[in-house]
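Novice: Let the sequences and hints guide you as you build the complete structure.
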Amino acid sequence: MKLHFLGANRQVTGSRYCLETAHSRVMIDCGLFQERQFKTRNWRKCPIPPESIDALVLTHAHIDHCGLIPRLVGEGLNAPLFMTAPTADLVEIMLRDAAHIQLEDLAYKKKRHRKEGRKGPHPNEPLFDDNDVDQTLPMIQPESYNTAVKVTEDVTLTFHEAGHILGSAMLEFQVREGGKNCRIIFSGDIGQWDKPLIHDPAVFTSADYIVMESTYGDRDHKEGGDILEQLEQVIISTVPAGGRVVIPTFAVERAQELMFFISQLVYEDRIPDIPVYLDSPMAVDVTQVFRRHRDRFDDETWEAITQGTPPLNFPGLQISRTTAQSKAINAKDEPSIIMSTSGMCTAGRIKHHLRRNISCPESTILFVGYQAHGTLGRRILDGHREVRIHGQNHEVKANVAQIFGFSGHADRAALLHWLSHFEQPPQRLFLTHGDEEAATSLATEIRQNHQWRVLVPDYESAVDL
1479 MKLHFLGANR
1489 QVTGSRYCLE
1499 TAHSRVMIDC
1509 GLFQERQFKT
1519 RNWRKCPIPP
1529 ESIDALVLTH
1539 AHIDHCGLIP
1549 RLVGEGLNAP
1559 LFMTAPTADL
1569 VEIMLRDAAH
1579 IQLEDLAYKK
1589 KRHRKEGRKG
1599 PHPNEPLFDD
1609 NDVDQTLPMI
1619 QPESYNTAVK
1629 VTEDVTLTFH
1639 EAGHILGSAM
1649 LEFQVREGGK
1659 NCRIIFSGDI
1669 GQWDKPLIHD
1679 PAVFTSADYI
1689 VMESTYGDRD
1699 HKEGGDILEQ
1709 LEQVIISTVP
1719 AGGRVVIPTF
1729 AVERAQELMF
1739 FISQLVYEDR
1749 IPDIPVYLDS
1759 PMAVDVTQVF
1769 RRHRDRFDDE
1779 TWEAITQGTP
1789 PLNFPGLQIS
1799 RTTAQSKAIN
1809 AKDEPSIIMS
1819 TSGMCTAGRI
1829 KHHLRRNISC
1839 PESTILFVGY
1849 QAHGTLGRRI
1859 LDGHREVRIH
1869 GQNHEVKANV
1879 AQIFGFSGHA
1889 DRAALLHWLS
1899 HFEQPPQRLF
1909 LTHGDEEAAT
1919 SLATEIRQNH
1929 QWRVLVPDYE
1939 SAVDL
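Remember, this note's numbering sits 1478 above the position in the sequence shown when you count from 1.
Keep in mind that the hints are not guaranteed to be accurate.
[Claimed, not checked] Below, in silico cross-link-like pairs of lysine-lysine (DSSO-like), each with a Cα-Cα straight-line distance of 30 Å or less: (1) Lys1829 with Lys1597; (2) Lys1517 with Lys1588; (3) Lys1829 with Lys1700; (4) Lys1523 with Lys1588; (5) Lys1628 with Lys1480; (6) Lys1587 with Lys1829; (7) Lys1597 with Lys1658; (8) Lys1805 with Lys1875; (9) Lys1805 with Lys1587; (10) Lys1597 with Lys1587.
[Stated by the list, open to error] Okay, the calculated beta carbon distance ranges per label pair: (11) Glu1873 with Glu1781: 41 to 49 Å; (12) His1851 with Pro1601: 24 to 32 Å; (13) Arg1697 with Glu1746: 27 to 35 Å; (14) Arg1769 with Glu1746: 18 to 26 Å; (15) Pro1601 with Asn1791: 38 to 46 Å; (16) His1899 with Ile1579: 35 to 43 Å.
Hints are computed from structural coordinates only; laboratory data are not their basis.
All residues carry an ideal CB built from backbone N, CA and C; glycine is no exception.
Specialist: Here you go:
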C-alpha cells in the first residue's frame, strides 16, 4: 500500500493525495494551487493517470481542495466523486464561479500581454470551463456523515464532521490489505471549537496513519475577545453619524457567520433598525444551501430557530443578487451594514462599495478575515492614506476596524488538542496543508514532546505504508 502526496506539501493550497492499494487507487481532494510561485503546477498533468483512478473523495468545497477536479475529468477521470451532501451542493457553486473567473482573468491577461508585447508564463487557455463542470457534476455521489460506504473492493470510507465549513469532513478509511484492516485518518481542514452554525470537529482515539493539516502549525490565533460585543460597538459608533459599516467577506461560511452574529444583535435590540445588505450572488447561493441543510446546524443554532429567531433570515436583512440591486445600495444615502465579496477586496462588488465609502469619515470599513500581502484589503488595513480602486486613487478617510476570532482553521493549540485524543501514537503522522515553517515547527513540537514519528512530505513524493 502506498500514499502519494500530490499537493499542499510544504504549502497550503493544492490539496491532492492518492491512496494506492493492491487493488485500487483512491484520490483524496484535487485542489487548485493558489500561491503565485506554485501556480504553474495547475497546468502539469497528474502523475497518477486519471483513467486509472477508481474513486475520488472530497473533504470540502473550498477551491484549493476541489478546483482541479474538472480538469482531471477533462484528462480522463471517470470515477465516482464521493462527498457529503452539503458539499455536493456547494461544489457546483464553487466550480462554476471558478470557471467564470478563469475566463475573465484570461481575457484580461491576453489584453495586457498584447499591450506589453510579451507572453505570459501560463498557457492561453482556462484550466477548465463550464463544459468540464457539466461533465463533472453527474459523477458526484453524495453521502451521509457517520455511515460507512464501500468506495472500492478493498476500501471503505466514513465521513466525520470537520467543523471547518458546512459539509466539511474528516475521512476515515478502512483498507483491507494482506488479511488485515488498516485505519487511515485524513483530517481535512480542522475547524475551531465552539464556532456558530456548524458542529465541532470530530475526534478519534486510534489510527494506523494520520494525514493532518498544519495551516496554523506555528502559531495560535490572536485573542478574539467577545465578537458580538465588538461588532455591536463598531455598528453603534458608525450609524448615529449616518455612516455605513462596509464588511468585505468570504462567500462561504464567513458571510453566514456574520449573519449569525448580526441577527443576535437585531433580535436583542442592541443595534438600530437599519438595512443589512448581503450583496454577493455567490454568498446568496451559498446561504440558500445552508438553509437546505439545516440538519447540519449545531444545537445553539437550532435553539435560535425554535425560539423564532432564525440567524439566516432576520428583520432588516436584504438580499442583493442583481447588478441593479447592488447599484441601488450605493444610490441610497442612509446608514446601513453592507456585506460583500471578495473577502480580500481583490475583485467583485466590494470594490464598488469601498469606492463609495472609503473617503467618508462617518463610515467604517470592518475586516473580519485574513488579508494577504499585496491585496487592497491589506493596504487599507495597514493604514495606507491613499488606495487605488478601479484605476483611481482614493483618500482613506473612513474608519478602519478589525475583529479577530472568525478564522475557520484550528490554531496550533487546537491541532495539538485534536491529536491528544489518540490513545496510542499512529505508525506515522503526515503533516500537510501548511507552509514550510508552519508544518516543520509543528512536526518538531510533536516529535520532541510526544515522541511520535512525524513526516512533512515533499511535493510529488510517495510513502510505502
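Novice: Verify the proposed pairing of Lys1523 with Lys1588, using a straight-line Cα cut of 30 Å.
Specialist: holds, 23 Å
Novice: Within 38 to 46 Å: is that where the Cβ-Cβ distance between Pro1601 and Asn1791 falls?
Specialist: With a Cβ separation near 45 Å, Pro1601 and Asn1791 satisfy 38 to 46 Å, so the hint holds.
Novice: Honestly, do His1899 and Ile1579 meet the 35 to 43 Å range at C-beta?
Specialist: holds, 39 Å
Novice: Below or equal to 30 Å on CA atoms is what counts here, so check Lys1829 against Lys1597.
Specialist: It holds: about 29 Å lies between the C-alpha atoms, which stays within 30 Å.
Novice: Quick check on a hinted range of 27 to 35 Å for Arg1697 and Glu1746, using CB atoms only.
Specialist: holds, 34 Å
Novice: Does Lys1875 lie within 30 Å of Lys1805 when you go C-alpha to C-alpha?
Specialist: Status holds; Cα separation ~22 Å.
Novice: Within 30 Å, alpha carbon to alpha carbon, are Lys1597 and Lys1587?
Specialist: holds, 10 Å
Novice: Taking the beta carbons of His1851 and Pro1601, is their distance inside 24 to 32 Å?
Specialist: Taking Cβ atoms as reference, His1851 and Pro1601 lie about 27 Å apart, which means the hint holds.
Novice: Is the distance from the Cβ of Arg1769 to the Cβ of Glu1746 consistent with 18 to 26 Å?
Specialist: holds, 22 Å
Novice: Is the hinted range of 41 to 49 Å satisfied by the C-beta distance from Glu1873 to Glu1781?
Specialist: holds, 46 Å
Novice: Take the C-alpha atoms of Lys1587 and Lys1829, compute the straight-line distance between them, and say whether it is at most 30 Å.
Specialist: Roughly 20 Å separates the two Cα atoms, so the pair holds.
Novice: Need the status of pair Lys1628, Lys1480: alpha-carbon distance at most 30 Å?
Specialist: holds, 19 Å
Going down the numbered hints, you'll see the structure goes against just number 7.
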